[in-house]
Amino acid sequence: MTNSFLSGPAAAQTLPIVVTSPSLLDDETKKFQLEPGVQKIHLTQPEKVLFYLGIINSKAFNAVTTSNSGVSSKTSGTSATAISDTHPAPLVTEYKIEIHLDHPDIDLQLLGVYLLKDRDHARIETTVIHNAPSCKSRISVKGALEGSSSQFYWSGDVFIGERAIGTDTYEENRNLLLNLGPKVTSIPNLEILTGDIIAAGHASATGQLNEEHIFYLMSRGLDYQSVRKMVISGFLNDQVEAIGSPAITDKFKETIYE
Amino acid sequence: MSKLEIKDLEVEVEKPDASRIRILKGVTLTVNSGEVHTVMGPNGSGKSTLAYTIAGHPAYYVTGGEIIMDGQPIQELKADQRARAGLFLAMQYPVEIPGVSVSNFLRSAKSAVSGEAPPLRQWIKDLDQAMQNLKIAKEFTERPINLGFSGGEKKRAEILQLEILQPKIAVLDETDSGLDVDALKVVSEGVNRALANTHLGLLLVTHYTRILRYIKPNFVHVFLDGRIVESGGSELAERLEERGYQDYRN
Numbered sequence: 008m009t010n011s012f013l014s015g016p017a018a019a020q021t022l023p024i025v026v027t028s029p030s031l032l033d034d035e036t037k038k039f040q041l042e043p044g045v046q047k048i049h050l051t052q053p054e055k056v057l058f059y060l061g062i063i064n065s066k067a068f069n070a071v072t073t074s075n076s077g078v079s080s081k082t083s084g085t086s087a088t089a090i091s092d093t094h095p096a097p098l099v100t101e102y103k104i105e106i107h108l109d110h111p112d113i114d115l116q117l118l119g120v121y122l123l124k125d126r127d128h129a130r131i132e133t134t135v136i137h138n139a140p141s142c143k144s145r146i147s148v149k150g151a152l153e154g155s156s157s158q159f160y161w162s163g164d165v166f167i168g169e170r171a172i173g174t175d176t177y178e179e180n181r182n183l184l185l186n187l188g189p190k191v192t193s194i195p196n197l198e199i200l201t202g203d204i205i206a207a208g209h210a211s212a213t214g215q216l217n218e219e220h221i222f223y224l225m226s227r228g229l230d231y232q233s234v235r236k237m238v239i240s241g242f243l244n245d246q247v248e249a250i251g252s253p254a255i256t257d258k259f260k261e262t263i264y265e
Numbered sequence: 022m023s024k025l026e027i028k029d030l031e032v033e034v035e036k037p038d039a040s041r042i043r044i045l046k047g048v049t050l051t052v053n054s055g056e057v058h059t060v061m062g063p064n065g066s067g068k069s070t071l072a073y074t075i076a077g078h079p080a081y082y083v084t085g086g087e088i089i090m091d092g093q094p095i096q097e098l099k100a101d102q103r104a105r106a107g108l109f110l111a112m113q114y115p116v117e118i119p120g121v122s123v124s125n126f127l128r129s130a131k132s133a134v135s136g137e138a139p140p141l142r143q144w145i146k147d148l149d150q151a152m153q154n155l156k157i158a159k160e161f162t163e164r165p166i167n168l169g170f171s172g173g174e175k176k177r178a179e180i181l182q183l184e185i186l187q188p189k190i191a192v193l194d195e196t197d198s199g200l201d202v203d204a205l206k207v208v209s210e211g212v213n214r215a216l217a218n219t220h221l222g223l224l225l226v227t228h229y230t231r232i233l234r235y236i237k238p239n240f241v242h243v244f245l246d247g248r249i250v251e252s253g254g255s256e257l258a259e260r261l262e263e264r265g266y267q268d269y270r271n
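Sequence order for the protein chains is A and B.
8 is the number of the first residue of the first sequence in my numbering; add one for each residue after it.
22 is the number of the first residue of the second sequence in my numbering; add one for each residue after it.
For reference, chain B alone in the conformation it holds in the complex (with noise of 0.2 Å):
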């Protein structure tokens, strides 16, 4: 059992101007192994600094509260810290990395976050059985990472990256958006197999509820202006589909 505790929340993000603005205002927050928990919130709210200020992008600066990972605190920790201690964040824009390999990459980070280089012959079974899973042609491993990849592309490979590296708790970061109903069919099947194989914790940000007709949620959270305004159950979403967030904006 793992457990990601988010406790009061405070984070600021540094403008061009070198000022800084306050982004996140308090948020607390829980998931354990097993649940999924979506954020929903329009454009703006924060979604996002949430998202990476858990994954340790370094821009974003925690001003107060706590991230907790079973027990430990790790807001100090580095990003590469925070992945080996079991936490996943796939990205609402992947990053296009000339020269490097998805082969090369994903097995130095399979290595990286299990400790031991996985054994050969073993890994690339996995491998393949993971891609065949998210229809991802063969060759696409002596790609550079995500250049030249379609959005869909990107998208399928942060969850065969997710299934390969086998996180405790992820959090994915609008993984649904710009992806057509095939692509997220296939992208939710892969996040479905990872919750049922691995008893992931989820934390899905997003700001539609057609994702979640395929992956169901334990939790919906309501995210504004930097903070959760509502919490509840999967009729929540629905509530959020029909009205949008006008209920909240007063």
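Bound-form chain A, shown alone (with noise of 0.2 Å):
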């Protein structure tokens, strides 16, 4: 079972491969952007990282969008090319992270923050893989889609290997759908062959904007596209907050309020 999960995805050959090596300079928290493709880290220090990825589709999120009908007739139809003339090109993302944590005490965050639209398809793989003793993993994946068809895929294995006793570990994904044509698909994991751990936990969530959420500021004189912005903003904040790349905080709310 150990081998079958360390060989790595077997789709990984079409995308780039990139190695990341963080060092180990202070006792501060390292932090890294992953890029697209295929990630396979290995972590040999006790150290404090944090990897972090943004998708956000940086197109007037909250502007009207073409109508569900006109946008699907044409994608199950054949011309991409008369979709691209009307519509600007659809953001496709695909990451593959692998994270090995091979040495004892590594302090591990992975998070990431999406805003998907139209026909938006962005699909993050995530396996963090526990081999040595009292390691500690945070796995969180949040994002808001809407648009005719946006497609948003997570899958997160969390594997603790028989020599990680003393693992504590969480890994969950939380969704907002903001209208009825964005899909998730959530598939959270873990496989343990050792008990002798902390904890391990995992959540799924997908959820649509809260009804009384929106009643309650807009019946404090704010109007639906305030409320929306502040609803989605708020959902994420704290997400973004956490990753704290200037990069992504000013793209995730220029897409939000512009």
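The set of hints was computed from the structure by calculation and includes no laboratory data.
Where a beta carbon is used, it is the ideal one built from N, C-alpha and C, also for glycine.
Among the hints, erroneous ones may be present.
If you anchor each label on the Cβ, the simulated ranges turn out as follows [unchecked claim]:
1. B:Lys99 - A:Ala210: 45 to 53 Å
2. A:Asn217 - B:Glu160: 19 to 27 Å
3. B:Lys99 - A:Asp257: 29 to 37 Å
Using the supplied hints, reconstruct the complex from the two chains, each of which is provided in its own coordinate frame.
Next up, the structure:
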């Protein structure tokens, strides 16, 4: 079981492979932005590391998009050029991230945030492998989708090997569907080969805007568009702040508010 | 002077099986600036339905009658438009909204109802004063709306909004329920300040008379089975305190 898990995704060959080797310089958290593609990372020092990614289609997230019927008939038809004549090209992106915790006492955070619209597709596969004792991992991917047929896929594998006693791990995926077009697939998975751990948990939730939140804020005089922006950014603010990347923060705000 | 007129209001709500049930069966009531009206009735009589319908909650369907604010029918307006016309609803169960800070929300709401962003220095001063009056801690404004607030804090936060947004007519939906004596006093003082400072018209929905020790009503309406069955002055509340609703049951 261990071998098959470590052999990596079979479809990886078609994507560029990037290997990131963080170095240990001080006690602070090391931060790395992950690029799309396959990333296979071995952590071999007792350090605090934050890997993050942001998938944001920055073109007017809150703008009124083409009607559902128009777009879906085109996509089920043939011509892709016909679509790009009238719409900006959809964002299609894929991440396969595999992180090995090969040394005791590593503290890993893996955080992702996304905003998808129109016909954007994003896929994130995270695999975190606890090979050594007393490591901590937190994996969290959060985002919101709107548009005619945007899609988001997340699978999160956490593997706790036989030697990884004292592991503390939690992974979560939270998605906000802003209309009826988008689709989300969310697959958390946990494999535990030792019972001697601190904690291992996972969570996945996909929901819509809460009507009572909307009513409450509107009853104070705020119009629907402002309220919607407020609630979406409220849903994702913590994640964006935890990532703490000025580039992602700026793009996020710009996308929600402009 | 402002005037909220409710005329022969009939309201239905949707049940989980999508069929509708009639809750309000012809309610008529007029609230003028400076007046305090109390609607009292047992659980399930439709008091909260009245409150939510006035505020424009989309789950309540007006099937008859009218809601008129300062001469304009408002029952077709959305909740935000009604708020900008001068209505306010203090909710019985204020919702928790993650990630949206009280300060951000309040300033946006104030800008929306007054039509312009309040000057920053004045805003900070006003907000500080209003929070002090309601014994609300300063750090409160940086917390997400109602998230992790105690029952008493939520109600004080509603009255904070009432004082800050300065509506013309306010509906308080069981603001007194779940409050201990001290909190009830603080909340009542806030309401009385709003009455004194802004000539607010008030519709106080409750099923206890104890809040009426602190907020003196001009009119008391007994609400039963979707209708006002009797109206009177504060002596009516005293009778209800003694006898309950038994006189209306048969």
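To see whether the hints hold, each was checked on the structure:
The hinted window of 45 to 53 Å between Lys99 of chain B and Ala210 of chain A is violated, with their beta carbons roughly 35 Å apart. For Asn217 of chain A and Glu160 of chain B, the hinted distance range of 19 to 27 Å is satisfied, since their beta carbons lie about 25 Å from each other. Checked against the hint of 29 to 37 Å, the C-beta distance between Lys99 of chain B and Asp257 of chain A comes to roughly 32 Å, which is consistent with it.
In summary, the one numbered hint that this structure violates is 1.
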